[in-house]
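Please model the entire structure based on the sequences and the hints provided.
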Amino acid sequence: MMPAIIAFVVLLLIGTPVAVVMALSGLAGGFAMGGERMLGIIADRMFSGVSGFMLIAVPYFIFTAELMNQGGLTQKLIAFNNALFGQVRGALAHVNISVSVFFAGLTGAAITDTVAIGKIMIPEMKKQGYDAEYAAAITACSSIIGPIIPPSVVMVIYATLLRDISVIDLFAGGIIPGLLMAVALLAVSFFLAWKRGYPKQAPTPLKVAWVAFLVALPAMIVPLIILGGILSGLTTITEASGFAAVYAIVIGVVFYRNLTWQKIWQALVVTVRFSGVVFFLLATSAVLGWFVTRSGIARDAAGLITTLSDSMFLQLLLVCALLLLIGTVMDVLPALVVVAPVLVPAMVQLGVDPLHFAILMIVVLNISNVTPPVGMTLMTAARIANVPFERAIIASLPFYIAFAAVILLVVTFPALSTWIPSLLK
Amino acid sequence: MRFLTPLRRLSDWVNQAAIVLCVACVLVMLGISFTAFTYKLFTGSSLSWTYSLARLFLPWIGFLSMTISLRYGEHVAMTLLVRTLPRALLKLAAALCLGVIALFGALLLWYGWGYFESARQVYMVSDQIQVSAKFTAVVLPLSGAIILLHLVQGFALLEHFLDDETIIEELIDAGDGEKRS
Numbered sequence: 001m002m003p004a005i006i007a008f009v010v011l012l013l014i015g016t017p018v019a020v021v022m023a024l025s026g027l028a029g030g031f032a033m034g035g036e037r038m039l040g041i042i043a044d045r046m047f048s049g050v051s052g053f054m055l056i057a058v059p060y061f062i063f064t065a066e067l068m069n070q071g072g073l074t075q076k077l078i079a080f081n082n083a084l085f086g087q088v089r090g091a092l093a094h095v096n097i098s099v100s101v102f103f104a105g106l107t108g109a110a111i112t113d114t115v116a117i118g119k120i121m122i123p124e125m126k127k128q129g130y131d132a133e134y135a136a137a138i139t140a141c142s143s144i145i146g147p148i149i150p151p152s153v154v155m156v157i158y159a160t161l162l163r164d165i166s167v168i169d170l171f172a173g174g175i176i177p178g179l180l181m182a183v184a185l186l187a188v189s190f191f192l193a194w195k196r197g198y199p200k201q202a203p204t205p206l207k208v209a210w211v212a213f214l215v216a217l218p219a220m221i222v223p224l225i226i227l228g229g230i231l232s233g234l235t236t237i238t239e240a241s242g243f244a245a246v247y248a249i250v251i252g253v254v255f256y257r258n259l260t261w262q263k264i265w266q267a268l269v270v271t272v273r274f275s276g277v278v279f280f281l282l283a284t285s286a287v288l289g290w291f292v293t294r295s296g297i298a299r300d301a302a303g304l305i306t307t308l309s310d311s312m313f314l315q316l317l318l319v320c321a322l323l324l325l326i327g328t329v330m331d332v333l334p335a336l337v338v339v340a341p342v343l344v345p346a347m348v349q350l351g352v353d354p355l356h357f358a359i360l361m362i363v364v365l366n367i368s369n370v371t372p373p374v375g376m377t378l379m380t381a382a383r384i385a386n387v388p389f390e391r392a393i394i395a396s397l398p399f400y401i402a403f404a405a406v407i408l409l410v411v412t413f414p415a416l417s418t419w420i421p422s423l424l425k
Numbered sequence: 001m002r003f004l005t006p007l008r009r010l011s012d013w014v015n016q017a018a019i020v021l022c023v024a025c026v027l028v029m030l031g032i033s034f035t036a037f038t039y040k041l042f043t044g045s046s047l048s049w050t051y052s053l054a055r056l057f058l059p060w061i062g063f064l065s066m067t068i069s070l071r072y073g074e075h076v077a078m079t080l081l082v083r084t085l086p087r088a089l090l091k092l093a094a095a096l097c098l099g100v101i102a103l104f105g106a107l108l109l110w111y112g113w114g115y116f117e118s119a120r121q122v123y124m125v126s127d128q129i130q131v132s133a134k135f136t137a138v139v140l141p142l143s144g145a146i147i148l149l150h151l152v153q154g155f156a157l158l159e160h161f162l163d164d165e166t167i168i169e170e171l172i173d174a175g176d177g178e179k180r181s
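So the protein sequences, as listed, match chains G and E. Take the numbering used here: the last position of the first sequence gets the number 425, and nothing is skipped along the way. Take the numbering used here: the last position of the second sequence gets the number 181, and nothing is skipped along the way.
Hints in this document: simulated from the structure, not taken from any laboratory. Note that beta-carbon positions come from the ideal geometry of N, C-alpha and C, so glycine has one too. Just so you know, not all the hints are guaranteed correct.
[As the list claims (entries may be wrong)] Incomplete in silico selection of chain E near chain G, CB under 8 Å:
#, residue
1, S33
2, K40
3, F42
4, T43
5, G44
6, R55
7, F63
8, I68
9, V82
10, T84
11, P86
12, A93
13, Y115
As structure tokens, this is what we get:
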């Protein structure tokens with residue numbers, strides 16, 4: 001086990017791509033166990049790591065989101081949400097959150113939400129007198145709802161990694177915690193708007209609101225098509241995501257009329273580039289996962305957790321703290337592929353429901369995406385707002401408290417993540 | 001280092017070819033999935049061959065897109081600590097990283113070739129369509145070779161010399177749909 005751990009830490013510290021780190025540390029462990037003949041597993045494991053049928057949906061999801069981005073969907077969603085919240089104090093902050101909830105169903109990637117929404121909302125918020133750091137904080141904190149509310153690429157990857165959990169259950173399980181995060185953020189945003197006296201907007205005439213709704217409707221039903229098809233059992237995830245991609249092209253070209261061939265090509269190029277990041281991690285995590293399974297690290301991890309506390313509640317909180325720590329220095333996806341093969345079997349061995357733990361893990365790792373020192377999502381929002389990262393962190397503190405409350409709720413009440421999936425059985 | 005210039009040009013050309021091939025695979029796979037969906041919608045029954053056929057393109061997309069993301073330095077790495085090192089040590093760490101990536105590429109090429117040679121089974125897409133496993137297995141040594149070729153780009157493959165500002169600027173530009181080299 002030691003050669004694998006040493007290889008892992010050293011390679012990670014010198015800045016080697018995480019995917020390469022996982023492959024070579026898995027191989028180092030394999031070599032220590034069985035010599036040179038074990039190295040051959042790199043081909044077999046990497047191949048099976050990217051061959052799961054469900055992974056067909058990954059490029060489709062990325063492509064759909066990119067098409068929506070290129071097709072200028074964000075403006076339409078903002079216009080509609082503005083009509084919903086316009087007269088409330090601090091309207092733009094609430095709009096920022098509600099747009100993220102709608103957008104979540106389309107992209108499933110926090111950083112995409114931050115860039116797409118932040119570039120429109122942050123300058124507008126600044127113009128209307130909101131603090132720049134607050135605009136950055138709320139944009140980043142609300143965008144992490146994306147990978148939690150389905151459909152979500154992160155969940156597809158989780159289901160591929162841990163084959164004993166279905167993506168349908170994950171999608172259904174993410175709905176309540178995702179909405180809970182949105183409600184928690186809205187509560188903080190309402191409170192701060194009232195306390196700081198943020199502005200209201202002029203009321204939107206009903207006719208304008210209706211038109212905004214109609215314009216946004218074709219795009220807003222994309223997640224419904226995907227989710228409706230999958231959860232009802234009418235279609236598989238690949239069929240639904242494939243249909244959504246074709247539908248996104250059709251509405252972009254025919255209805256919105258702003259999707260050119262050049263933009264479609266651009267979306268395809270972004271799709272293969274981002275798919276590469278995902279597939280690289282998945283392929284090599286299969287090598288590391290192979291070693292983890294054989295080495296008994298998961299069993300040792302379970303043993304270690306039980307020595308710290310007998311209470312499952314405390315064990316889960318400790319694991320959440322560990323995940324937050326890992327998430328502060330690593331992005332969601334690599335953190336997930338590195339720790340899931342070790343932590344999930346360990347927690348299941350301790351009696352935690354696999355679905356409950358899966359959702360908790362996805363929630364916590366996403367929250368850590370807006371915490372220092374890495375917090376790429378918050379860094380991006382701070383850059384768009386043109387404020388120092390440190391000020392954006394301070395402005396995010398009230399939202400961190402809201403997130404802590406959500407984590408506590410999800411830990412305490414497993415039904416929040418298991419109730420909807422149980423209805424589908 | 002003049003010999004590197006034609007190799008870098010070759011690496012760029014191979015990368016462009018990989019992008020085109022990968023996009024073609026995505027589109028063909030999408031066409032197959034969409035056909036399956038519409039057939040099911042209108043007839044209520046499934047086309048049995050669509051799953052197996054679409055799946056054949058997945059390893060190609062998976063492995064080729066890996067080389068593309070590596071070429072653009074879009075792979076995920078933890079460079080927060082290493083970037084605090086003095087310049088000389090930072091260069092040493094970056095050189096070590098390139099060596100490690102070379103080792104990975106060489107292993108993928110060597111053992112991928114063995115995997116390709118031993119792939120003897122046949123995918124039964126349907127009674128009429130049967131595809132040799134070599135069609136998908138060949139992408140392993142191929143991507144290993146491409147990774148080794150891309151190493152001629154040197155430190156441009158790594159994030160070691162980029163600060164957070166630059167990375168974020170690139171992200172925001174990408175959000176604009178601007179084309180990046």
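Hint-by-hint comparison with the structure:
1. About 3 Å separates the beta-carbon of S33/E from the nearest beta-carbon of chain G, less than 8 Å, and the hint is met.
2. Given the 8 Å rule on beta carbons, the hint for K40/E holds: about 7 Å separates it from the nearest Cβ of chain G.
3. Because the closest C-beta pair between F42/E and chain G is about 13 Å apart, greater than 8 Å, the hint is violated.
4. Annotation: interface hint on T43/E violated; nearest CB of chain G at approximately 13 Å, more than 8 Å.
5. Look at G44/E: its Cβ only gets to about 10 Å from chain G, farther than 8 Å, so that hint breaks.
6. Restraint check, R55/E versus chain G: the minimum CB separation of about 6 Å is within 8 Å; hint holds.
7. Interface hint status for F63/E: upheld, as the beta-carbon distance to the closest one in chain G is roughly 7 Å, under 8 Å.
8. A distance limit of 8 Å between C-beta atoms decides the matter here; for I68/E the minimum to chain G is near 5 Å, and the interface restraint holds.
9. Hint on V82/E holds. Least Cβ distance to chain G is approximately 4 Å, under the 8 Å limit.
10. For the restraint placing T84/E at the interface with chain G, the shortest Cβ-Cβ distance is roughly 11 Å, beyond the 8 Å limit, so the hint is violated.
11. Nearest Cβ of chain G to the Cβ of P86/E: about 14 Å, over the 8 Å cut. The hint is violated.
12. Hint status for A93/E relative to chain G: holds, with the closest Cβ pair at about 4 Å, below 8 Å.
13. A hinted interface residue such as Y115/E counts as satisfied when its beta carbon comes closer than 8 Å to some beta carbon of chain G; here the least separation is about 4 Å, so the hint holds.
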